[in-house]
Amino acid sequence: MDGNFDFFSKPTMNGGIKLPVCLILDKSGSMSERVRSSRGMVVKIDELNNNIQELFRTIRNDSNARLMSDVCLIGCGGEHPEVINGYSSVDKINFVPLTAGGRTPLGASVELALDLLQKRREYYRSAGIEHYKPIMMIMSDGQPTEVESVVYNAAQRCSDMVNTEGLKVLPIGIGDSARLDILDMFSPKVKTKCITNMDVFVKLFEMLSVSMSQSDNTVFDWLNDQV
Amino acid sequence: MEISVSKNNYIFIEDTVFVYPNFYLLLKKYIETVEANGQKLTVFVDSGIGERIEKYKADLKFKEAYLLEGLIDILEQKGLLQKIETNSYLDYTLLEAEFAKSKKDAKCSIITQRDGVYNVFKELNNSCKNLTFYQVTDSGFEEWLDQAQLTTPKDAFYLQDDEYVNRIDTTGIDYVYSPKYGYLKLNISSQMNGGEGSVYRTYNNMMVKIFKKENITYVNFKKLSEMIEMNLYNPFICWPRDLVYVGDVFVGYVMDEVKGAETLLSLRLQSFSEYTHPERFEICYNFLKHIKYLHDKGILIGDLKPDNILVKSPSEVYFIDCGCYQINDYACPVCHPEYTKRVFKKDELKKQLRTVEDEYYPINKMAFEIMIMKNHTYSPDNMDIENTDKSQFFYPLDVDGIDIKSEDMALWAKFLTASMRKYFYYYFKQGKITDLSEWVKELQLFLEKIKKEINSNGR
Amino acid sequence: MIIEKWKNVQAYEIGKLHISRNMVCQDRTFYKEANGVKIVALADGAGSKSKSEIGAELVCEKVCELFSTKFIDYLLCFEDEKTNQAKHKKNMASLSKEIITYLVTALKAKALEMNIAVEELSSTLLFFAIKDNHYIMGHIGDGVIAGLYNENNAYRVRVISEPENGERSNITFFVPDTNAAEHLHLQAGSIDNLKGVLLTSDGAGTVLFNGTSVDDNVYKLFSNFQNQQHTDYAQVISKFLREIISNYSTDDMSLNILRLEDADTGKITNNYAEYLLSGVESPKQIIRKSQYCYYIDPSIAATQEFSSIDEVKEYMKWR
Numbered sequence: 000m001d002g003n004f005d006f007f008s009k010p011t012m013n014g015g016i017k018l019p020v021c022l023i024l025d026k027s028g029s030m031s032e033r034v035r036s037s038r039g040m041v042v043k044i045d046e047l048n049n050n051i052q053e054l055f056r057t058i059r060n061d062s063n064a065r066l067m068s069d070v071c072l073i074g075c076g077g078e079h080p081e082v083i084n085g086y087s088s089v090d091k092i093n094f095v096p097l098t099a100g101g102r103t104p105l106g107a108s109v110e111l112a113l114d115l116l117q118k119r120r121e122y123y124r125s126a127g128i129e130h131y132k133p134i135m136m137i138m139s140d141g142q143p144t145e146v147e148s149v150v151y152n153a154a155q156r157c158s159d160m161v162n163t164e165g166l167k168v169l170p171i172g173i174g175d176s177a178r179l180d181i182l183d184m185f186s187p188k189v190k191t192k193c194i195t196n197m198d199v200f201v202k203l204f205e206m207l208s209v210s211m212s213q214s215d216n217t218v219f220d221w222l223n224d225q226v
Numbered sequence: 000m001e002i003s004v005s006k007n008n009y010i011f012i013e014d015t016v017f018v019y020p021n022f023y024l025l026l027k028k029y030i031e032t033v034e035a036n037g038q039k040l041t042v043f044v045d046s047g048i049g050e051r052i053e054k055y056k057a058d059l060k061f062k063e064a065y066l067l068e069g070l071i072d073i074l075e076q077k078g079l080l081q082k083i084e085t086n087s088y089l090d091y092t093l094l095e096a097e098f099a100k101s102k103k104d105a106k107c108s109i110i111t112q113r114d115g116v117y118n119v120f121k122e123l124n125n126s127c128k129n130l131t132f133y134q135v136t137d138s139g140f141e142e143w144l145d146q147a148q149l150t151t152p153k154d155a156f157y158l159q160d161d162e163y164v165n166r167i168d169t170t171g172i173d174y175v176y177s178p179k180y181g182y183l184k185l186n187i188s189s190q191m192n193g194g195e196g197s198v199y200r201t202y203n204n205m206m207v208k209i210f211k212k213e214n215i216t217y218v219n220f221k222k223l224s225e226m227i228e229m230n231l232y233n234p235f236i237c238w239p240r241d242l243v244y245v246g247d248v249f250v251g252y253v254m255d256e257v258k259g260a261e262t263l264l265s266l267r268l269q270s271f272s273e274y275t276h277p278e279r280f281e282i283c284y285n286f287l288k289h290i291k292y293l294h295d296k297g298i299l300i301g302d303l304k305p306d307n308i309l310v311k312s313p314s315e316v317y318f319i320d321c322g323c324y325q326i327n328d329y330a331c332p333v334c335h336p337e338y339t340k341r342v343f344k345k346d347e348l349k350k351q352l353r354t355v356e357d358e359y360y361p362i363n364k365m366a367f368e369i370m371i372m373k374n375h376t377y378s379p380d381n382m383d384i385e386n387t388d389k390s391q392f393f394y395p396l397d398v399d400g401i402d403i404k405s406e407d408m409a410l411w412a413k414f415l416t417a418s419m420r421k422y423f424y425y426y427f428k429q430g431k432i433t434d435l436s437e438w439v440k441e442l443q444l445f446l447e448k449i450k451k452e453i454n455s456n457g458r
Numbered sequence: 000m001i002i003e004k005w006k007n008v009q010a011y012e013i014g015k016l017h018i019s020r021n022m023v024c025q026d027r028t029f030y031k032e033a034n035g036v037k038i039v040a041l042a043d044g045a046g047s048k049s050k051s052e053i054g055a056e057l058v059c060e061k062v063c064e065l066f067s068t069k070f071i072d073y074l075l076c077f078e079d080e081k082t083n084q085a086k087h088k089k090n091m092a093s094l095s096k097e098i099i100t101y102l103v104t105a106l107k108a109k110a111l112e113m114n115i116a117v118e119e120l121s122s123t124l125l126f127f128a129i130k131d132n133h134y135i136m137g138h139i140g141d142g143v144i145a146g147l148y149n150e151n152n153a154y155r156v157r158v159i160s161e162p163e164n165g166e167r168s169n170i171t172f173f174v175p176d177t178n179a180a181e182h183l184h185l186q187a188g189s190i191d192n193l194k195g196v197l198l199t200s201d202g203a204g205t206v207l208f209n210g211t212s213v214d215d216n217v218y219k220l221f222s223n224f225q226n227q228q229h230t231d232y233a234q235v236i237s238k239f240l241r242e243i244i245s246n247y248s249t250d251d252m253s254l255n256i257l258r259l260e261d262a263d264t265g266k267i268t269n270n271y272a273e274y275l276l277s278g279v280e281s282p283k284q285i286i287r288k289s290q291y292c293y294y295i296d297p298s299i300a301a302t303q304e305f306s307s308i309d310e311v312k313e314y315m316k317w318r
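So the sequences go chain by chain: Z, B and H. Residues in the first sequence are numbered consecutively from 0, following numbering that gives the first Met the number 0. Residues in the second sequence are numbered consecutively from 0, following numbering that gives the first Met the number 0. Residues in the third sequence are numbered consecutively from 0, following numbering that gives the first Met the number 0.
So that you can see chain Z by itself, here it is in the shape it has in the complex (with noise of 0.2 Å):
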């Protein structure tokens, strides 16, 4: 035995390895609009809640992404962005579907997201966790609502810290009222990939619950791909 230590019993520490994903949701009124998909029409917002739960089921039945997988859901609606989930394991969350509505407040969403996750690295530090690069996926279907200089402040933080290594971000502009320029601002590394078709947005989720598996760039190559 050596201080606290007992080197013949089981480890105390946390050994293990966590992915921190925060998906910054476009819960805009415009969402409620419908659009093509091979089913028919069908309205955003559905497709985004399905998208959701079914990335939440194939995670709860990958015992490795289970185990990895430290999701924060952000809701980009009404007049101020929303925690919908902070940091936690997908078995903890119990996700009720959106609702459109409201604004976009696109910057002060983002800014959100990075205090949250600053916050949980934080955390991950004080308990001696380590954790495979932050990832972000910023959504939205339309311009931003809020002052041009709240956007920018906010791209600005996002984008140095993804030039710093500190985040990997996926842009996704949803139909074709998205603002891709704008979205383009938060992401220097990866070009905004535009999603008109409701097929392929289910693909995304695909790609994004395989590398929540595998930590690895299969939905950031898939995007280059696409693009």
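Just so you know, these hints were derived from the structure itself, not from any lab. Keep in mind the model is a prediction, meaning the values are calculated, not measured. Any given hint could be a false lead.
Straight-line Cα separation of at most 30 Å, DSBU-like style, residue types lysine-lysine; simulated pairs [to be verified]: (1) K212(B) x K202(Z); (2) K96(H) x K448(B); (3) K192(Z) x K448(B); (4) K56(B) x K86(H); (5) K344(B) x K202(Z); (6) K211(B) x K184(B).
With chain Z's structure known, arrange chains B and H on it following the hints.
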């Protein structure tokens, strides 16, 4: 051949040389020559030679132990011996200083039987111009020729355009034929997808790997055929047992199934919570032992990563996905960036053979992760595993009086032996490889000691 | 459907010579199955040694015990056979030494207990161990090890290991001999189409085998074992030794047979089906070899999951 003598002679002898059959006769003749000519001689040995003698005794190799002890005694009595710290042959700085003191007409020699030691010490050639390396063979001393094999990648057998095999779309196959085992039905519900293809459960406690269309190649066909010929008996290596066909098209191969085991990755994600510290070290011992078994046969794993190692119990560690290992001049076409030191471009993997040196990166990295349960680049300020600087290593060599705040540091400083610390430190900081045989021996003795302690404490 | 299972039957009978000298039968046989390993062993005690039957029994038991735990370790010693002859020779020398040392240690302890010289326990030794798809066999002294092979649906018996005699044909090699390790012949390989193994001492061996030619009765010994419970068949082969072989040899006689039975479930009685399935405690001991064939191996270590033969049948979807 004989070692040439001069007015001042400095010779460093690595311990396995002493126990080489009839080396004592060569040494006797050399000393007699020097004495007859009235010349000076200093024989350097690693200061840990006492431990070596004890290791031989612990291994029940008494003949070697007493021979080594006897020769060291004789050199000491003759006033020729000087012990010098080399940290298990990983650090030549003190020896370099001694050689530097020698005069211009002095003759410096290093005698070793081990590739690893030669590769570390050969850098002394830069500072010491009259230095020669020797090894002992049945015909006496032989000069070491520079062993470039370890580091120069060779070309693999590779075909750019492959028209030799038919290819079919392998989705939806439910039956295959194996010449050895007959018709095998694939259990579709057991399907597991990987990079090269999918794996299914079948009869006879076996699994079938079916390649994706683009991976049905002549190279794969030839490689697997040769692997099957090798017929490895080791049950812990899930070696290809036979090729499988659909009609007359080669589509994959069959191997034994391992049931009731978890991958090392899964165990790591669970912080190895089901195993005690000694049990985890036993897992590491078996892990390294099986790699040594493969290396002794000239087989390199290539894609060594935690996902490809299954653990059923501390004494049952299995290696799976063996069909893509590197044998002869057939390359291993896949790699995981986190467990590879060299950066490979996509086709490079197929065209170039990997070296044993390449393999030591994942070996050391995974051994560290199993034993200390942290990435080797871990430090209290650096939690990000995807830190691209793979050469960072924050655990100190000298652990006297350090502040132990966490379990990983406690394991490093108090549970690992001094040798293990040296092996890791010199590898991660300076790229100096310690042979697997040393690791396996060290862990074997360590586990025996632990078992004795456990039994005597009635735990 | 077809059920495959290894079955064992053994017998030893005193020879006319020993009857006339008021001695006991010095041949012994043994069988053990554990950890997925099935081992048959046979030993012929040295005629001139007073307690050689005790030695014979002990070495049979001990070699079976050894292989039930060390099979895989020993199998690995044979890996260099095809690729590195020099290394293989060294491995075999070292392995022979290890096995002989183990057996002689047991013999010495017994000799000490009985207050006799260890040579009084001398015997030959033949053994054949099978695990999964591999076998290891060993042979010191006289006697014969033969195998039954299925070649293109026809059965053929071949001698796997011949007797080794010394300078004179009535002198052979025994386990406690100082040079025993050099005369322990070891062999290993894949089972492939091997369907049966027969061990015999020289008593019946010289009658049933002449060089490499094989008497028809050997075929019958194997084929008549089909659909027979080993307890019944043991009496049949004992009778065969006593009444037939004894007419051709005055020496002690023994047989130890391992046969891979393949029983067609549509053609066997319920009673026999129960006999085949007895000892099966867990699905781990049932391996599906093909669409219609199941291999049963109660020697595989497992925790009990079946509580009746009916449950086993249900698991196999017995038809």
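Check each numbered hint from earlier against the structure, then list the numbers of those it violates in ascending order.
Hint check: 3 fails alone, others pass.
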